[in-house]
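Asks: Residue strings, one per chain:
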Amino acid sequence: MTATELPRNEPTAQSAWTVVGTRHKGIVTHLAVLARNVRHLRYGNRVPVYHMGPPLTSLEPEVVGNEDVPEGAAEDNPASSEITAHVAARLEDLGDADREGMRRWHRKISVFFPAATRPPRPRPRPGAEREWAHYFEQTRYIAHPAFKVEEDPVSGIKKFHRYSCVGFVTECYQSTAVDQVLTDSSRASFPRIDQAMVERLFVPPTLRLTEEIAESINLTGNGPWPVALPGYVMRAFTRTDEEIRNHAYHPSVEDIDFLGAE
Amino acid sequence: MAKNSAADEADAATTSRYGPRRIHCSAIETGSVKKTWIKVYEEYELEGYTEEEKAGIEVEDLRNLVGVKMSVEKLPAKLGEIARPSLSLADLTAADLWQVVRPERSVAIRAAALAELVSYERERANLALFVVEQLARDDLKPTWRNTLILATEHLDFLNAGQRQRLRDRLRSLTLTLNEEWHPRSRLAQEAAVRRYGCLIDDKAQLLEIVDFLSTAYPLRVRLIALQTIQNAFALAPPCVSMKRDLEPLRDELRRMVEFFFRGETLKRSEEDFDLGLTALEALIRLDDGMISEFVPRVKAIGRRWVARQLAHFLAETQKAWQASQSVSTAESVSAVGEVLDLLQSIEVPADR
Numbered sequence: 001m002t003a004t005e006l007p008r009n010e011p012t013a014q015s016a017w018t019v020v021g022t023r024h025k026g027i028v029t030h031l032a033v034l035a036r037n038v039r040h041l042r043y044g045n046r047v048p049v050y051h052m053g054p055p056l057t058s059l060e061p062e063v064v065g066n067e068d069v070p071e072g073a074a075e076d077n078p079a080s081s082e083i084t085a086h087v088a089a090r091l092e093d094l095g096d097a098d099r100e101g102m103r104r105w106h107r108k109i110s111v112f113f114p115a116a117t118r119p120p121r122p123r124p125r126p127g128a129e130r131e132w133a134h135y136f137e138q139t140r141y142i143a144h145p146a147f148k149v150e151e152d153p154v155s156g157i158k159k160f161h162r163y164s165c166v167g168f169v170t171e172c173y174q175s176t177a178v179d180q181v182l183t184d185s186s187r188a189s190f191p192r193i194d195q196a197m198v199e200r201l202f203v204p205p206t207l208r209l210t211e212e213i214a215e216s217i218n219l220t221g222n223g224p225w226p227v228a229l230p231g232y233v234m235r236a237f238t239r240t241d242e243e244i245r246n247h248a249y250h251p252s253v254e255d256i257d258f259l260g261a262e
Numbered sequence: 263m264a265k266n267s268a269a270d271e272a273d274a275a276t277t278s279r280y281g282p283r284r285i286h287c288s289a290i291e292t293g294s295v296k297k298t299w300i301k302v303y304e305e306y307e308l309e310g311y312t313e314e315e316k317a318g319i320e321v322e323d324l325r326n327l328v329g330v331k332m333s334v335e336k337l338p339a340k341l342g343e344i345a346r347p348s349l350s351l352a353d354l355t356a357a358d359l360w361q362v363v364r365p366e367r368s369v370a371i372r373a374a375a376l377a378e379l380v381s382y383e384r385e386r387a388n389l390a391l392f393v394v395e396q397l398a399r400d401d402l403k404p405t406w407r408n409t410l411i412l413a414t415e416h417l418d419f420l421n422a423g424q425r426q427r428l429r430d431r432l433r434s435l436t437l438t439l440n441e442e443w444h445p446r447s448r449l450a451q452e453a454a455v456r457r458y459g460c461l462i463d464d465k466a467q468l469l470e471i472v473d474f475l476s477t478a479y480p481l482r483v484r485l486i487a488l489q490t491i492q493n494a495f496a497l498a499p500p501c502v503s504m505k506r507d508l509e510p511l512r513d514e515l516r517r518m519v520e521f522f523f524r525g526e527t528l529k530r531s532e533e534d535f536d537l538g539l540t541a542l543e544a545l546i547r548l549d550d551g552m553i554s555e556f557v558p559r560v561k562a563i564g565r566r567w568v569a570r571q572l573a574h575f576l577a578e579t580q581k582a583w584q585a586s587q588s589v590s591t592a593e594s595v596s597a598v599g600e601v602l603d604l605l606q607s608i609e610v611p612a613d614r
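Same order as they appear, the protein sequences are chains W and F. Once you know that position 130 of the first sequence is 130 in my numbering, the rest is easy, because the numbers rise by one and skip nothing. Once you know that position 284 of the second sequence is 546 in my numbering, the rest is easy, because the numbers rise by one and skip nothing.
The reader is advised that the hints may include incorrect statements.
Stated by the list, open to error - If we take Cβ atoms under 10 Å as the criterion, some of the chain W residues that face chain F in the derived model are:
{"hint": "1", "residue": "Arg104"}
{"hint": "2", "residue": "Val111"}
{"hint": "3", "residue": "Arg130"}
{"hint": "4", "residue": "Glu137"}
{"hint": "5", "residue": "Asp152"}
{"hint": "6", "residue": "Ser175"}
{"hint": "7", "residue": "Thr183"}
{"hint": "8", "residue": "Asp184"}
{"hint": "9", "residue": "Ala188"}
Said to hold, decoys possible - Straight-line Cα separation of at most 30 Å, DSBU-like style, residue types lysine-lysine; simulated pairs:
{"hint": "10", "chain 1": "F", "residue 1": "Lys581", "chain 2": "W", "residue 2": "Lys108"}
{"hint": "11", "chain 1": "F", "residue 1": "Lys529", "chain 2": "F", "residue 2": "Lys505"}
{"hint": "12", "chain 1": "W", "residue 1": "Lys158", "chain 2": "F", "residue 2": "Lys529"}
{"hint": "13", "chain 1": "F", "residue 1": "Lys529", "chain 2": "W", "residue 2": "Lys148"}
{"hint": "14", "chain 1": "W", "residue 1": "Lys158", "chain 2": "F", "residue 2": "Lys505"}
{"hint": "15", "chain 1": "F", "residue 1": "Lys465", "chain 2": "F", "residue 2": "Lys581"}
{"hint": "16", "chain 1": "F", "residue 1": "Lys529", "chain 2": "W", "residue 2": "Lys108"}
{"hint": "17", "chain 1": "F", "residue 1": "Lys465", "chain 2": "W", "residue 2": "Lys158"}
{"hint": "18", "chain 1": "F", "residue 1": "Lys505", "chain 2": "W", "residue 2": "Lys148"}
Just so you know, the hints here were simulated from the structure itself, not pulled from any lab data. Remember, it's a predicted structure, so these values are computed and weren't measured experimentally. Backbone N, C-alpha and C fix where the C-beta goes; we use that ideal spot for every residue, glycine too.
Use the sequences and the hints to build the structure in full.
Replies: The following block contains the structure:
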């Protein structure tokens, strides 16, 4: 088993590029990769990560309690920050070749991202939904699909990549270590989530999933939508390394909470 | 100058997409109006403003921005007496924001209003025109110029004339910005190259990008330029005549790749790997016939991840070109496939 809830008492050591996630009320709500080696990691610690955020449920204030061994240039990169870690997943045989490859992938995509942006205040007031919709757009965030290339409407040349937190982590691993983490979410049998779940995962608690916000994260119509969720990736990492590296995981609806699915 | 308690602070925050922009009026007592307000700005990280620009910030603008309910005549005043503001730029309508971006306003306020205006989808077409016209001016203050450049990344430019004007201007500004060392100018320079790359409607114009590969530019600018070449031919390889036209670009890329392979493995920095590999990937997308010659040298580097990433890139390119279903691409698809087979046939020593 390579994907688990982090221990609450005895800390564990986790290496850079391990997948870490935030779990809230039984659901893994956010995924990231560790930006550095972390010697002492417990449930609920804040950790330095590379990730694609929102969702915002990960923005709980927590105390950092780690001694970090610098690995990569996390401090210099706007795409690195901290999240609260409750779960972790890794390939047991993840080697230097994998890490070097992922590090280079991250450097490559970093130069094609716009300047960092702070989120608007999540307080409900006129115009808040428009601001959040705009924030999702300008941060290149997307809910579905998990990864998308946006092209210039005239030249057709790629303008930028859009990622969800799941897309960011899966593309990172697929750049070098894994063939394909999850099956294609456009497949008819991919689990579909309703509006309530989308609101829980992607929208600040004080706001609703308006049409404006839904469109900004590429969710059209009334749903349900086959959104790739963090729990699916965690569940994919409960398999053997050989399976993870060579066979895409096809998630089921129970995987939304990967621990509950065991 | 005396500071009152935090409870007396008047708070009006607005978030800009271009960086920290929390305008927070601390309760500071001072005899100088301008100095009071400038202090407010300094405290709240309005980065990128020169002293001259800060000095140019108008009290009237600040009053509008934070929604302070008092007249200019009443200033100077203890800021602790100012009522908690009820308005921020985010509360203004689009029509009001257009008034704020007018040239007679101070740069700081215009920049904040422009950032807010971009969030109105229906305003973006007019805003695109406005940005192109503003960028064409020669008397731009650095802060305003950088704001305009950063805004181009969030707007679509559909008109051919606008696109050409903007592309030419961004190209010249990339050079101008190379002389500046302020972090926001660096961000603006990178945004300029990224946006410039998408505005290339005739791929022969890619020749212009050779300039940005020069060592005179920062590493990130060179990497963006290399990725721009990759992006231009992500969906289909260049046709025969295009390949001929782009020969000087391919020469430059080959030179960069040669330089990379000549280095000693142990002494290669991350920078070397980034430039060398990204240049090699750009050569692949230009359908360069010499790619297969580089493959054995990948083995010599002795880094398995390099071979793995190149294989990934070749497979991705082959798949995309195949999907274009053009007869003229068949030969290129086949050539990429051969390089991929060659790469996968060589055994690269494990480096884990």
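Asks: Evaluate each hint against the coordinates.
Replies: Hint-by-hint comparison with the structure:
1. Arg104: At 6 Å from the nearest chain F Cβ, W:Arg104 passes the 10 Å test, so the hint holds.
2. Val111: holds, 5 Å
3. Arg130: holds, 6 Å
4. Glu137: holds, 7 Å
5. Asp152: holds, 4 Å
6. Ser175: With a closest approach of 7 Å, the W:Ser175 hint holds.
7. Thr183: violated, 17 Å
8. Asp184: With a minimum Cβ separation of about 14 Å from chain F (threshold 10 Å), the hint on W:Asp184 is violated.
9. Ala188: violated, 22 Å
10. F:Lys581 <-> W:Lys108: Roughly 21 Å separates the two Cα atoms, so the pair holds.
11. F:Lys529 <-> F:Lys505: With a Cα-Cα distance of about 34 Å, the restraint between F:Lys529 and F:Lys505 is violated, given a limit of 30 Å.
12. W:Lys158 <-> F:Lys529: violated, 34 Å
13. F:Lys529 <-> W:Lys148: violated, 36 Å
14. W:Lys158 <-> F:Lys505: holds, 20 Å
15. F:Lys465 <-> F:Lys581: holds, 21 Å
16. F:Lys529 <-> W:Lys108: holds, 21 Å
17. F:Lys465 <-> W:Lys158: holds, 13 Å
18. F:Lys505 <-> W:Lys148: OK: F:Lys505 and W:Lys148 at ~29 Å, within 30 Å.
The structure shown violates the earlier hints numbered 7, 8, 9, 11, 12 and 13.
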